[in-house]
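Residues per chain are reported as follows:
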Amino acid sequence: MEEDNAMYEKILIDIKNLIYCDPNLKDFCIVPINENKNKSPVLYEEHNLGLELWCVKYVYSYLYKELFKVRQRLTKNRLIHQKIEEVDKYLISALLIHPDVSTFWNMRRELVEYGIINLDIELLLTKLVLSNKSKSNEAFAYRKWVVTKLLKAIPKQDIGSTLALLNREFIVTEMAAQKSPNNYHSWNHRMWSLEAALTKHDFADTISYLNLLFEQLDFSIRWIQSHISEHTGFHYRQYLLKCVLNSDCLGSERTIKSRHLLEAFIHIKACDDETFIHQLLGKCNSPMHCSKVNFIILLLEDLFYFMEKLNELFPGHEAIWYHRRFIIFHILKIAHEYHNIGWFRNVNINDLMLNSNDNITNIDYDLLCDGNNIQNYQNMNWTPSSLPICTKYFLSSNLNIFKKIVPPNVMPHKNNWRGGTKNGCSVFCVLIKIIILFNVE
Amino acid sequence: MSYASRNKLESARTQNEEDSVNVDVVGCNTHHWWRSKNKRIKQPFPNKNSMAVDSVKKNCSQLTKVFAEDEAPINKKLPKELILRIFSYLDVVSLCRCAQVSKSWNVLALDGSNWQRIDLFDFQKDVEGPIIENISRRCGGFLRQLSLRGCQSIADGSMKTLAQLCQNVEDLNLNGCKKITDTTCQSLSKHCSKLQKLNLDSCSAITDLSLKSLSDGCPQLSHINVSWCSNITESGVEALARGCPKLKSFVSKGCRQITSRAVICLARFCENLEIINLLGCSSIRDEAVQALAEKCNKVHYLCLSGCLKLTDTSLIALAQQCPFLSTLEVAGCSQFTDAAFQALARSCRYLEKMDLDECILITDATLIHLSMGCPRIEYLTLSHCELITDEGIRHLSMSPCAAENLTVLELDNCPLVTDASLEHLTSCHNLQRVELYDCQLITRVGIRRLRSHLPNIKVHAYFAPVTPPPSAGGSRQRYCRCCAIL
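Protein sequences, first through last, are from chains A and B. Quick note on full-length UniProt numbering: the first sequence kicks off at 1 and runs consecutively. Quick note on full-length UniProt numbering: the second sequence kicks off at 1 and runs consecutively.
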């Protein structure tokens, strides 16, 4: 028994030493090796850490016993310092093996509070834990706690170190998102860190924040291209777009460049943002806010370049259509606000079922296929009696853009429209209808 | 001592009122240990200075109460000197408990003569500045030895009071008191000229200034430990060496800035050095060890682990000049070869403990020489010595030291060692522990055979325990009884 304990201790010391000595550790995993030779189960190769499977159950039960022995004393801060170092060692391995025990994370919090362990080690440890179990909620919660502590220590004007910290979070969350599909924990953490940095420095109106967002937008494009059917990536992109909407900063070179591209695409000639909006949505007395202009430009860019390309390369992915819905919803919403028209909300969803009401389908189809049919549209007898949402004013000014935003390949045939042969298409069409009628948010 | 105590006793009586004001001086700032549950509230006794005529009466009644307590049988039978003598054998906790028995016992138990040697390691979390100040006030010149190991909240202020009040302190252990800075050492050097042993292990704020002031004010210093004080450089060590020629023990683990020159100075001025630990002082070169060997012939403990620049020259110089060497730790000194150990084994016959971890050049030849030349070896570490084979172990196990003395043998990460070595080791009757981690040719069968010959031996290897581990959180039966029946 005593000899076995010595072995466990040695394994634990090895793990701790590796973590303390190599700040560039990348990965931890439990290697499925069941045969047991007289060889260290702690594997270390090219900054990756491994633990052989055969020893895990023994080591963990040893750890568990030892940790619960000292827990009481630790919470009361009555543990002598030598023992505390041991507790640190035990906790590292316990959390690597089994990160879902909140008690152990809390014990680590206590160690940090008493100033015994360094926060950098904590970042490294959570990273390793996440490399093994990338959906561990506890690990993310703990990391949040650590990052909050680190953020607190950064002086208010020192945006540079915050950005460095943020960058570290981005790397970790990307790693965690790579490891398991649809890892919302990871993306939420990413958004949380963005927001934490924002609340810390309150730099929503500065160009550096906007640039940060643009960087992230570029990143999310790259991510989505390689993870086409994961809605998480799209969700993050939508979050970023909304951040742009909330930022008060004037357009940067980046949006101006995008605008020029768009102008070529929609055949609009505009020398500045204001005329661009006028051309796009019609004239209005109140000028549009610059953040909304940025937002619209980014949305349109997504729609015309990005979604098109993705749809061509990976047809039939629902996530793309959902994103399209998001874009159109927001474009329409902004257009409504721009013209000061309220959303219509009180429509019974049953009235909109494709099969139940042919009228709507037809109307939409006609409308969408033939933009000149506007008169027709206006004179239409709407079945759900109160459907004045696509008001005359809005439609007359928006029809051009509306025609553009619905891709031509969606509705080449009337049959396709209703038949649902293309899953994504039909879903999208229903959705369009719903967003026109509803505030989907 | 008894004479001193009697004097103290008498003075204690006259100061009775004053003492009863601060009942449990030590305990009054600690709320955790030795303190009785019903908190003692400071009673409004008039103290000496403010004693006015009208309070004399009250004071008298207090005195009679104290004497009434003295009427207790034990106090009647035993003279105060004897009680004091008995108390002198008690530990800190018991003394403080006794101090709560009665006023007279309080005086006796908290008498400075009982508090000559204090170790507060067990109370490291509770010890704070005011406690040290109270202790130093209470003990005064009586205090000889104080260990504040691990008391991290101790800072310069209270240490200054201590130095001023307890000028006779000889042995001070401040291991791990991280808040302590040079100011402490300056006040120590100013007031405590009798200081002999000082441990500043892990006091990371300590710099050369400390060593300089110690060299000025504490010429009696014989033991100093400045391990992990990474600010210490050669100039500090040089000053210390010049000022404290009686130095016997110098421990500076992990002081990377200590250079060959510092060690040469130590060797030149402190010829009485016996214990030297230079673990991790990686810039040290051969000339330093040569100087040590030449001047300090009495060295019996030497640790040069992690001094990577040392070569055979060092060991040969040691072999020639330091015959009394009993412990030699040279872990990580990978340039040492068989030739050096041959010289060492020939002349240092008293070697008991050797740590040769990661001396990767040594072969079986070193083991053969050691087994012939050093019959006292108890503790031998050969970790990571990858050239060691069964043949070397065979020679070792046939040597006189193996049969008599060898208790610990570390062979981890020696890939050539096989079960045959374990077979040879069966003749080492005293062997208590053998480390075999990562020796991949060792099998369970070999270990079992060794155990059958030496039933008390501890074999450390990476083998999963045969019996399953006791389940972590109390095993509960999976099925209820009726399910089992079904």
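These are computed hints drawn from the structure, not numbers from a lab. Check the hints yourself; a few may be wrong.
[To be verified] No farther apart than 25 Å at their CA atoms in a straight line, the calculated lysine-lysine pairs in the BS3-like style are these:
1. A:LYS83 with B:LYS125
2. B:LYS253 with A:LYS89
3. B:LYS253 with A:LYS10
4. A:LYS144 with A:LYS127
[Unchecked claim] Pairwise CB distance ranges, derived in the manner of DEER restraints:
5. A:ILE13 with B:ALA420: 38 to 46 Å
6. A:SER229 with B:SER334: 41 to 49 Å
7. A:ILE171 with B:LYS190: 52 to 60 Å
8. A:SER208 with B:ASN231: 20 to 28 Å
9. B:ARG242 with A:LEU119: 39 to 47 Å
10. A:ILE33 with B:ASP122: 38 to 46 Å
11. A:CYS21 with B:VAL101: 30 to 38 Å
12. B:LYS298 with A:MET175: 44 to 52 Å
13. A:MET175 with B:ALA420: 45 to 53 Å
14. B:ASP122 with A:ASN36: 34 to 42 Å
15. A:PHE68 with B:VAL466: 20 to 28 Å
16. B:LYS298 with A:ASN36: 17 to 25 Å
17. B:PRO219 with A:HIS47: 50 to 58 Å
18. B:SER334 with A:ILE116: 29 to 37 Å
The structure presented is a predicted model; accordingly, all values stated were derived computationally and were not measured. Idealized CB from N, CA, C, for every residue including glycine.
Check the hint pairing B:LYS253 with A:LYS10 against an upper bound of 25 Å on the C-alpha distance. At roughly 22 Å apart (the allowed maximum being 25 Å), A:LYS10 and B:LYS253 satisfy the hint.
Honestly, do A:SER208 and B:ASN231 meet the 20 to 28 Å range at C-beta? With Cβ atoms ~39 Å apart, the hint is violated.
Does the Cβ pair A:PHE68, B:VAL466 satisfy 20 to 28 Å? With Cβ atoms ~25 Å apart, the hint holds.
Go ahead and decide if the range 52 to 60 Å is satisfied by the Cβ distance of A:ILE171 to B:LYS190. holds (54 Å)
Between A:LYS144 and A:LYS127, does the CA-CA distance stay at or below 25 Å? holds (12 Å)
Is it true that B:PRO219 and A:HIS47 lie within 50 to 58 Å of each other by Cβ? holds (52 Å)
With respect to the beta-carbon atoms only, verify the hint that B:ARG242 and A:LEU119 lie 39 to 47 Å apart. holds (43 Å)
Given hint B:LYS125 paired with A:LYS83 - CA-CA distance at most 25 Å: holds (12 Å)
B:LYS253 and A:LYS89 were given as a pair; does the straight-line alpha-carbon distance stay at or below 25 Å? Given that 25 Å is the threshold and the Cα spacing comes to 22 Å, the pair holds.
Determine whether the Cβ-Cβ distance between B:ASP122 and A:ASN36 falls within the hinted range of 34 to 42 Å. holds (41 Å)
Quick one: are A:SER229 and B:SER334 within 41 to 49 Å, going by C-beta? violated (55 Å)
Could you say whether the range 45 to 53 Å given as a hint is met by the Cβ separation of A:MET175 and B:ALA420? holds (48 Å)
In summary, the structure is inconsistent with hints 5, 6, 8, 11, 12 and 16 from the numbered list given earlier, while agreeing with the others.
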